[in-house]
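S.K.: Each chain, letter by letter, is given below.
There are 2 protein chains.
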Amino acid sequence: MSNKVSIKDIAKIANVSIATVSNVINGTGRVSADTKNKVNKVIQELQFVPSASARSLKDKNSHLIAVVVPFVEKGILQDNPFYWELVRGVENGARNHEVQVILLGIDEHEDFSFVRGRHLDGLIVVGVYEQSPAYRKILSLGVPCVFLDSYLSDPALYQVDLDDEAGGYLGTKHLIGLGHRAIAVLTGRLEQGGVNYFRYQGYLRALRESGIPENPDLVLEIDSSIQGGYQAAQRLGHHKDGITGVFAFSDVSAMGLIRGMHDIGMRVPEDVSVVGFDDIFYTQYMIPSLTTIRQDIVSKGQAAVTMLLDQINGTATTSRRVTVPVSLIVRQSTNSFRKI
Amino acid sequence: MSNKVSIKDIAKIANVSIATVSNVINGTGRVSADTKNKVNKVIQELQFVPSASARSLKDKNSHLIAVVVPFVEKGILQDNPFYWELVRGVENGARNHEVQVILLGIDEHEDFSFVRGRHLDGLIVVGVYEQSPAYRKILSLGVPCVFLDSYLSDPALYQVDLDDEAGGYLGTKHLIGLGHRAIAVLTGRLEQGGVNYFRYQGYLRALRESGIPENPDLVLEIDSSIQGGYQAAQRLGHHKDGITGVFAFSDVSAMGLIRGMHDIGMRVPEDVSVVGFDDIFYTQYMIPSLTTIRQDIVSKGQAAVTMLLDQINGTATTSRRVTVPVSLIVRQSTNSFRKI
DNA sequence: CTAAAAAGATGTAACGTTTAATCATATGGA
DNA sequence: TCCATATGATTAAACGTTACATCTTTTTAG
Chain A
1 MSNKVSIKDI AKIANVSIAT VSNVINGTGR VSADTKNKVN KVIQELQFVP SASARSLKDK
61 NSHLIAVVVP FVEKGILQDN PFYWELVRGV ENGARNHEVQ VILLGIDEHE DFSFVRGRHL
121 DGLIVVGVYE QSPAYRKILS LGVPCVFLDS YLSDPALYQV DLDDEAGGYL GTKHLIGLGH
181 RAIAVLTGRL EQGGVNYFRY QGYLRALRES GIPENPDLVL EIDSSIQGGY QAAQRLGHHK
241 DGITGVFAFS DVSAMGLIRG MHDIGMRVPE DVSVVGFDDI FYTQYMIPSL TTIRQDIVSK
301 GQAAVTMLLD QINGTATTSR RVTVPVSLIV RQSTNSFRKI
Chain B
1 MSNKVSIKDI AKIANVSIAT VSNVINGTGR VSADTKNKVN KVIQELQFVP SASARSLKDK
61 NSHLIAVVVP FVEKGILQDN PFYWELVRGV ENGARNHEVQ VILLGIDEHE DFSFVRGRHL
121 DGLIVVGVYE QSPAYRKILS LGVPCVFLDS YLSDPALYQV DLDDEAGGYL GTKHLIGLGH
181 RAIAVLTGRL EQGGVNYFRY QGYLRALRES GIPENPDLVL EIDSSIQGGY QAAQRLGHHK
241 DGITGVFAFS DVSAMGLIRG MHDIGMRVPE DVSVVGFDDI FYTQYMIPSL TTIRQDIVSK
301 GQAAVTMLLD QINGTATTSR RVTVPVSLIV RQSTNSFRKI
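Those protein sequence lines, which keep their order, are chains A and B.
UniProt numbering applies: residue 1 is where the first sequence begins, and numbers increase by one.
UniProt numbering applies: residue 1 is where the second sequence begins, and numbers increase by one.
If you're looking for bench data, these hints aren't it; they were derived computationally from the structure.
Positions of the beta carbon are idealized from the N, C-alpha and C atoms, including for glycine.
Warning: the hint list may mix true and false statements.
Over the 10 Å line for every Cβ pair with chain B, so calculated as not near, a few chain A residues [to be verified]:
#1 Thr35
#2 Ser56
#3 Glu91
#4 Ala166
#5 Ile312
#6 Ser327
To give an idea of the chain B side of the interface with chain A (calculated C-beta under 10 Å), a few residues [said to hold, decoys possible]:
#7 Lys38
#8 Val49
#9 Ser62
#10 Val87
#11 Val101
#12 Phe114
#13 Val115
#14 Leu152
#15 Leu204
#16 Tyr230
#17 Ile258
#18 Phe281
Based on the sequences and whatever the hints tell you, model everything.
M.R.: Laid out in C-alpha cells, this is it:
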C-alpha cells in the first residue's frame with residue numbers, strides 16, 4: 001500500500017535538504033519557524049514515520065526492551081497469571097516512555113544472541129538466580145538489565161524485588177496467631193537465595209519467635225503450579241503430623257491445594273487453614289476466598305521499566321535496589337485452630 | 001563490553017571480502033568449502049551476530065510481529081488470563097519460526113504509527129470488530145494481519161476464530177438437557193457480529209429447538225470481567241423469573257458469578273447451575289469445578305502465527321479462515337433441575 | 001590445445017537515518 | 001563601512017547489511 005515514504009521524499013516536496021527535515025523531526029540544529037511549519041505540514045500529509053531500523057543502525061539503540069520470562073515448560077510459557085500481570089505492568093510502563101516490549105520466554109538453552117543482534121536497549125529479567133544457566137549468559141551480554149524477583153548478591157546490579165522474607169513471616173505469624181502449630185509449607189524450588197528461599201526464611205523466623213521447632217517434614221517442595229498444589233494435598237492428607245495450617249508460596253498452588261483437600265474430604269478453613277502468596281486477581285473470588293500476601297504486581301513491572309530506562313539514559317538517580325513491600329490480606333481460608 | 005563486531009571485522013580477519021562473509025552467513029552465492037569453514041570459524045570466535053537493524057533496513061522486513069491485545073477497555077486493564085494463554089501460544093509459535101513478538105496493549109487512542117516505523121512483518125490482532133476504532137486504523141496500515149476472535153465480514157481477511165455459535169448452543173443444550181428452562185445469559189458487549197453475538201445466537205438456537213421462548217429479561221450484558229460476574233449475581237438473585245441456570249460467556253465472569261451467588265446464599269449447583277466459557281487453566285480447580293466450553297487457547301495462538309507467517313512468505317496455502325472447534329466439559333457446576 | 005562454461009571471489013551501490021563540517025546570508029557593533 | 005557573529009540551511013560521510021554486476025581462475029568439452 002502506502003509504499004514507504006522516506007525523509008528524502010519529504011525533503012524533495014518541502015524543498016529543503018534532508019538534514020533540515022531530520023532537524024525538524026528531532027528538534028535539533030537551527031531551523032526557522034517558517035521552514036519548520038512547511039516541513040511539518042508535508043510530514044503530516046504523507047503520514048511520514050521515520051524508519052526505526054535506520055535510526056537504530058545509526059545510533060545503536062533500538063528503543064526496544066525485552067521482558068525475559070523464565071521457565072518455559074515443554075516449550076510453552078508458564079500458565080501462572082502472575083507473569084501476565086507482571087508483563088502487563090512492563091508493557092504499560094514502557095508505553096509511557098515510547099519504548100516497545102519484546103516478549104521472550106526462555107528455557108535453559110536460550111543463547112540470547114538476538115539481544116545483540118537487535119541492539120536491544122535493555123532487559124527486564126524475571127526470576128533468575130545465581131546458579132541458573134541464564135544468569136551468566138545475560139550478564140555477559142553487557143546490556144542494561146533490571147532483575148525482578150531475583151536476589152542476586154552483586155550490589156552493582158539493578159534489582160526490583162519483593163520483601164519476601166517479610167511475606168513469609170507475616171503469613172506464618174498470622175497462622176500462629178490463630179493457634180496453629182503444625183504449619184506446612186508448599187514451596188517451589190528452594191534454591192539458595194531465590195524467592196522461595198527468603199519466604200522460607202521468614203517462615204522460620206516466625207516459628208523461632210514463637211518457640212515452635214522447625215520440622216523439615218513439613219516442607220513440601222513442589223512444582224509451583226496449580227497441579228503441583230493439587231497433588232500436594234494428597235501428601236498432606238496422609239501426613240503423620242496433624243497439620244492444621246498450610247502456607248503456599250504462590251496463589252496458584254494454593255488454589256490447587258484447596259481443591260485437592262476438598263477432594264479428600266478436608267475442609268478449608270474448618271480442618272486446615274491455608275495462606276497463599278501474590279494476591280492474584282482471582283483470590284478474593286475463590287470459595288473460600290484466599291488469605292494471602294499481597295504484592296502489587298503490575299506496579300512492580302512499571303517500576304522495573306522506569307529503573308531500566310533511568311539506567312539506559314544515565315539518569316539513574318534512584319537506588320539500585322528497590323524492595324516492594326508486602327501486606328497480609330486476611331480472608332476466609334484461615335481460621336482459628338480450635339473452632340468454638 | 002564486546003563492542004559490536006561487524007561483518008567487516010570478520011572479513012578482515014578471515015581475509016576475504018564482506019560479500020563473501022555475507023554469502024557464508026546466508027548460504028547465498030557460491031563459496032568454496034574451505035573459505036566457508038574459515039569464515040565460520042572467525043564468526044564463532046568473535047561471537048558475531050548480524051545486525052537486525054541493518055538487515056531490516058536493507059530488505060524491509062524485520063522478523064518482528066506484534067500481538068495486539070485490547071488491554072484497556074473502558075479504562076480498565078484487562079486482567080483476563082485468557083489473553084495470557086493466547087499470548088503464550090503466539091510466543092511459542094513465533095519461537096519456532098525465528099521471529100520475535102512485540103507485545104502491544106492498546107486503548108482506543110492507539111495510532112499504530114510504530115508499526116510502519118519498525119517495519120513490522122505482521123500483526124496478530126485480538127478481539128476487534130468492525131465498529132471498533134482500532135479496526136480501520138489497522139487495515140489502513142497495509143500490513144499482513146491475522147485476526148483472532150474478531151468475526152470480520154471481509155472475506156479477504158485472515159481470521160482464526162472459535163466456533164462460538166456451537167459453543168453457545170452446546171452449553172445451553174446441556175442446561176436444557178438437565179431440565180432447566182429459565183436460563184440466563186451473562187455476556188460481554190453484544191455488538192453485532194462479535195464473539196458474544198455468536199455465542200448468543202447459539203443460545204437462541206438451542207432454546208428454539210426445545211420450544212423455549214426467548215426472554216430478553218434473562219440476558220445480562222456485563223463487563224466480562226470477574227467483577228462484572230460478581231455484580232451480576234445480585235441482579236440474578238433478585239430476578240423475578242425463577243432462574244435455575246446461567247450461561248456465562250467467559251470463565252472469569254463465571255467465577256465472579258459463582259462467588260457472588262455464594263455470598264447471597266444461592267448454592268451452585270444445587271440452586272443454580274452455571275456454565276462457563278473458555279476453559280481457562282483454573283476451571284477444574286474451582287469449587288465447584290466449572291462446567292464450561294473448552295477451546296484450546298494456546299494452540300489458537302500458535303495457529304495464528306503459522307497463518308500470519310504463511311501470509312507473509314506468500315506460502316499461504318491454507319484457507320483464510322480457520323474455525324477452531326469447541327467442546328463441552330461437564331464438571332460440577334451444573335446439575336439436574338429437580339434434584340431427587 | 002583452445003574455447004566455453006562453471007566456480008569462486010570481489011567491488012560497490014543502496015537501504016533511511018543522523019551529525020559534524022561547511023557554507024551563505026543577515027545582523028550587529030565599532 | 002567593515003569585521004565579527006548569529007542564524008539558517010546544505011553536503012557528505014557513516015552505520016551494517018545485501019545483491020547485482022564484474023572479474024579472475026579453474027574445469028570441462030570438443
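S.K.: Checking hints one by one. Is Val115(B) an interface residue toward chain A, by the C-beta closer than 10 Å rule?
M.R.: Holds - the Cβ of Val115(B) comes within 10 Å of chain A, reaching about 9 Å at its closest.
S.K.: Please verify that hint: Ser62(B), Cβ, nearest Cβ of chain A, below 10 Å or not.
M.R.: holds, 7 Å
S.K.: Would the stated hint for Ile258(B) survive a check requiring a Cβ distance to chain A of less than 10 Å?
M.R.: Holds. Min distance 7 Å.
S.K.: Answer holds if the nearest beta-carbon of chain A is closer than 10 Å to that of Phe281(B); otherwise answer violated.
M.R.: holds, 5 Å
S.K.: A cut-off of 10 Å on Cβ-Cβ distance, and Ser327(A) was said to be off the interface with chain B. Does that hold?
M.R.: holds, 19 Å
S.K.: Any CB of chain A closer than 10 Å to the CB of Val87(B)?
M.R.: holds, 7 Å
S.K.: Does Val49(B) meet its interface restraint, that is, does its C-beta lie within less than 10 Å of any C-beta in chain A?
M.R.: With a minimum Cβ separation of about 4 Å from chain A (threshold 10 Å), the hint on Val49(B) holds.
S.K.: Mind verifying the non-interface call on Glu91(A)? Its CB should be farther than 10 Å from each CB in chain B.
M.R.: Contrary to the label, Glu91(A) does not stay out of reach of chain B, its closest Cβ about 5 Å off (not over 10 Å).
S.K.: Is Ser56(A) truly not at the interface, in the sense that its beta carbon sits beyond 10 Å from all beta carbons of chain B?
M.R.: violated, 4 Å
S.K.: At a threshold of 10 Å, is the proposed contact between Leu152(B) and chain A supported by beta-carbon distances?
M.R.: violated, 18 Å
S.K.: When you look at the beta carbon of Ala166(A), is every beta carbon of chain B farther off than 10 Å?
M.R.: holds, 25 Å
S.K.: Hint check: is the beta carbon of Lys38(B) less than 10 Å from a beta carbon of chain A?
M.R.: Status violated, d = 21 Å.
This entry does not satisfy hints 2, 3, 7, 14, 15, going by the numbered hints stated previously.
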